[in-house]
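Fit chain B to the given chain A structure using the hints.
Spelled out from the first residue to the last, the chains are:
There are 2 protein chains.
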Amino acid sequence: MIRLETADGDFATRFDALVDARRETAVDVACDVATIIRAVRDDGDAALHAFTQKLDRHDLNDTGWRLDAAACAAAFAGLEPELRAALELAAARIRTYHEKQRPEDTAFTDAAGVRLGARWRAVDAAGIYVPGGRAAYPSTLLMNAIPARVAGVERLVVVTPTPDGVVNPLVLAAAHLAQADEVWRVGGAQAIAALAYGTERIARVDVVTGPGNAWVAEAKRQVYGVVGIDMVAGPSEIVVVADGANDPDWIAADLLSQAEHDTTTQSILFTDDGEFATRVADAVMAQLETLPTAAVARVAWEDNGAIVVVPTLMDAMPLVDRLAPEHVELACDDPQALFDRLRHAGSAFLGRHTPEAIGDYVAGPNHVLPTGRRARFASGLGVTDFMKRTSFLQLDESALSELGPATIALAEAEGLPAHARSVALRIRINH
Amino acid sequence: MIRLETADGDFATRFDALVDARRETAVDVACDVATIIRAVRDDGDAALHAFTQKLDRHDLNDTGWRLDAAACAAAFAGLEPELRAALELAAARIRTYHEKQRPEDTAFTDAAGVRLGARWRAVDAAGIYVPGGRAAYPSTLLMNAIPARVAGVERLVVVTPTPDGVVNPLVLAAAHLAQADEVWRVGGAQAIAALAYGTERIARVDVVTGPGNAWVAEAKRQVYGVVGIDMVAGPSEIVVVADGANDPDWIAADLLSQAEHDTTTQSILFTDDGEFATRVADAVMAQLETLPTAAVARVAWEDNGAIVVVPTLMDAMPLVDRLAPEHVELACDDPQALFDRLRHAGSAFLGRHTPEAIGDYVAGPNHVLPTGRRARFASGLGVTDFMKRTSFLQLDESALSELGPATIALAEAEGLPAHARSVALRIRINH
Chain A
3 MIRLETADGD FATRFDALVD ARRETAVDVA CDVATIIRAV RDDGDAALHA
53 FTQKLDRHDL NDTGWRLDAA ACAAAFAGLE PELRAALELA AARIRTYHEK
103 QRPEDTAFTD AAGVRLGARW RAVDAAGIYV PGGRAAYPST LLMNAIPARV
153 AGVERLVVVT PTPDGVVNPL VLAAAHLAQA DEVWRVGGAQ AIAALAYGTE
203 RIARVDVVTG PGNAWVAEAK RQVYGVVGID MVAGPSEIVV VADGANDPDW
253 IAADLLSQAE HDTTTQSILF TDDGEFATRV ADAVMAQLET LPTAAVARVA
303 WEDNGAIVVV PTLMDAMPLV DRLAPEHVEL ACDDPQALFD RLRHAGSAFL
353 GRHTPEAIGD YVAGPNHVLP TGRRARFASG LGVTDFMKRT SFLQLDESAL
403 SELGPATIAL AEAEGLPAHA RSVALRIRIN H
Chain B
3 MIRLETADGD FATRFDALVD ARRETAVDVA CDVATIIRAV RDDGDAALHA
53 FTQKLDRHDL NDTGWRLDAA ACAAAFAGLE PELRAALELA AARIRTYHEK
103 QRPEDTAFTD AAGVRLGARW RAVDAAGIYV PGGRAAYPST LLMNAIPARV
153 AGVERLVVVT PTPDGVVNPL VLAAAHLAQA DEVWRVGGAQ AIAALAYGTE
203 RIARVDVVTG PGNAWVAEAK RQVYGVVGID MVAGPSEIVV VADGANDPDW
253 IAADLLSQAE HDTTTQSILF TDDGEFATRV ADAVMAQLET LPTAAVARVA
303 WEDNGAIVVV PTLMDAMPLV DRLAPEHVEL ACDDPQALFD RLRHAGSAFL
353 GRHTPEAIGD YVAGPNHVLP TGRRARFASG LGVTDFMKRT SFLQLDESAL
403 SELGPATIAL AEAEGLPAHA RSVALRIRIN H
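Read top to bottom, the protein sequences are chains A and B. Note that the numbering used here has the first sequence beginning at 3, numbered continuously upward. Note that the numbering used here has the second sequence beginning at 3, numbered continuously upward.
Bound-form chain A, shown alone (with noise of 0.2 Å):
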């Protein structure tokens, strides 16, 4: 953990050094990806077995090649009735948020006669991925199959690797609550070139979203064009702005919480109040002695973590638009006036009663979101990345001879005279 103040003679330096510090892993991987995305596409389902034999060690033959509808409605029956509830809580926050995303189709007739607008549809299929083992979170099956419902995707499929052949309860009561129509026991590059160019047994998606280690990561890239796909992510990141008025135990817990997700995320608090700072730091040396997952959290704290302390609140704000963060809390009287300030972050939570992991579960607004400085130009997931929208255009006579000679003159200059000749003949210019 570094603390710097903007007081400091170096603080542009180092503040410049913590904006540009590079969190995401370069491993090389995309020879091996590209390898076994060519193995898919050539021999389809065999590749997919001998992938799972060899990554997951195990025969989908013998475990299945499937999870259907009565086992994930199974899974879901058999979760203590709370979780059940949180699920079902969850759920419906999430749908009823992302119902207000669904776009408008637009149509109107112009002064010159012409009728033009945009339509927008779902894509036929989406397919999402669903990481197994330890960040199997049922939370973002649900982020990313919902949007998917609700944009009215036909076709809703879900990946999954099963490590050793073992299933994770959890993300079946996920996809029963989401209504996924097919749960396939596939990961890793393999399922992403599965879902993009389709084997005998999975037919191809449109889209594909969902969170993935570096190969997952970097076969998304590779299948990129063929699919849609989300953003590429990197390690997660919150930054906390918060006046002297908290109780320093809160935003350590918040710092936490962000740090226990893996040893590269990151985690800064902003403060007016340097000797709050110095008690939000012990708060968090302390909570980590009885944290459970202290072991990942100490160390993403201690290399990646950081105080920043400024001489109002406001002043923070032209430096967190530096760090476009995934994740920023305003933690005061008045968050609207600095969120007002605010450009870039991929979402915000106001106020000293909304931390950070409301939004991860129940709230309601997507917790896909962009990393890595990348909220300066992207959004959180949501219903239109699994729609499309076709623009249309509808002239009469009267309106094409009103366009007519502009875009003859245009095409000409352009060097294209089919186009030209394309309009002529229908207002009888002689060209």
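The hints are simulated quantities; they were obtained by calculation from the structure and are not laboratory data. Glycine residues also receive a C-beta, built at the ideal position from the N, C-alpha and C atoms. The reader is advised that the hints may include incorrect statements.
If the Cβ cut is set under 10 Å, some of the chain A residues that face chain B in the computed set are [to be verified]:
id: 1; residue: 60
id: 2; residue: 76
id: 3; residue: 128
id: 4; residue: 287
id: 5; residue: 297
id: 6; residue: 337
id: 7; residue: 339
id: 8; residue: 356
id: 9; residue: 357
id: 10; residue: 414
id: 11; residue: 421
Derived coverage of chain A by chain B (criterion: at least 3 residues anywhere in the stretch with Cβ under 8 Å from a Cβ of chain B; other residues may be distant) [as the list claims (entries may be wrong)]:
id: 12; stretch: 108-118
id: 13; stretch: 150-161
Listed next, with one range per pair, are the computed distances between beta-carbon atoms [unchecked claim]:
id: 14; chain 1: A; residue 1: 8; chain 2: B; residue 2: 113; range: 36 to 44 Å
id: 15; chain 1: A; residue 1: 304; chain 2: B; residue 2: 154; range: 50 to 58 Å
id: 16; chain 1: B; residue 1: 246; chain 2: A; residue 2: 72; range: 52 to 60 Å
id: 17; chain 1: B; residue 1: 113; chain 2: A; residue 2: 316; range: 39 to 47 Å
id: 18; chain 1: A; residue 1: 203; chain 2: B; residue 2: 110; range: 38 to 46 Å
id: 19; chain 1: A; residue 1: 45; chain 2: B; residue 2: 97; range: 27 to 35 Å
id: 20; chain 1: B; residue 1: 399; chain 2: A; residue 2: 8; range: 38 to 46 Å
id: 21; chain 1: A; residue 1: 276; chain 2: B; residue 2: 43; range: 35 to 43 Å
id: 22; chain 1: B; residue 1: 205; chain 2: A; residue 2: 417; range: 49 to 57 Å
Positioned in the frame of chain A, the structure of chain B alone reads:
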């Protein structure tokens, strides 16, 4: 050109082949491009200078690095009045259409007392690539730059190569009209690298759009994630759905307007009238005799063109969906009925008086559209490509008490105890 009839015994196989035909040339430039990007990251302007000297054959220190606002204004003033008016009409109509794409912010408070919503902001800076030489289209500059301006992008940067030091006045005029803030005389992968990473002279941007050759496309793919990019584009295509009541010459001109772009483009006619099909094919051959771009258009038509005879135009719709074309014309009396049934197309042109060319220039909708069957999942370029969404949440103590227990249950189930603690501390649950 191939001619198919749905009644043919081998129709399914031959149509599959048409759908799967790969017109995208897989030039393997990934390594060359990676080397260029690395050089620009390491050496900045010195690398730009060297690549421009070698590839564009002029010395930036002699010709100047930038084309300033005065040069762009002079180019615009120097246009023939008819052309200047045409560009102005195009710019105004493109602006009006795209203004309707500006997304609305949302904010609401739900029954649990949670305030939540989403806010849109423009990216800070956008870079537009404009090819030099034969495909230097001022219309493309407008189609990329105006949505960025409508989004509210504060800094709009154009990069364009000037091979042999020769400037294209039409491109400069369009840059003036689009109010580009900077125009740099660099092109190729080196220009994309400069936009993504910045050099001493050129500050980095957040989003890079615009067409280019294989090097430019690969460079955009390699910097994807460092900046946002528009969809990777392949060869252009048109599908014309027309009944026998159309003038065969009009339809032939439409097919050729696509074919004249490039030998890899594709033009396909669907008709319910076999005799009309023959008359269109004859009209294409006749028009090629006098078309200045016949050398290109003839190859495209012969290599990639197709005519498909269907029982009714409605029967063509599922086949068009398989192709998911960039452009589709529906030339009949009731085009809306066909359009209602269609799912996948970048842009649709309805009725007998709406040639595709009208959409390339002055109608208003964007002409940067998904190609190569990507209309299954991708949309044309639009205002939100230059914006991003920040979701937000605000809970008070009561709302957190309502949603907190479910959050704690899910966080515990996912093995994330600091997440649970950050909530439990605030609602005074012993945890």
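> Which of the listed hints are not met by the structure?
Replying inline: 1, 2, 4, 5, 7, 13, 15, 17, 19, 20, 22
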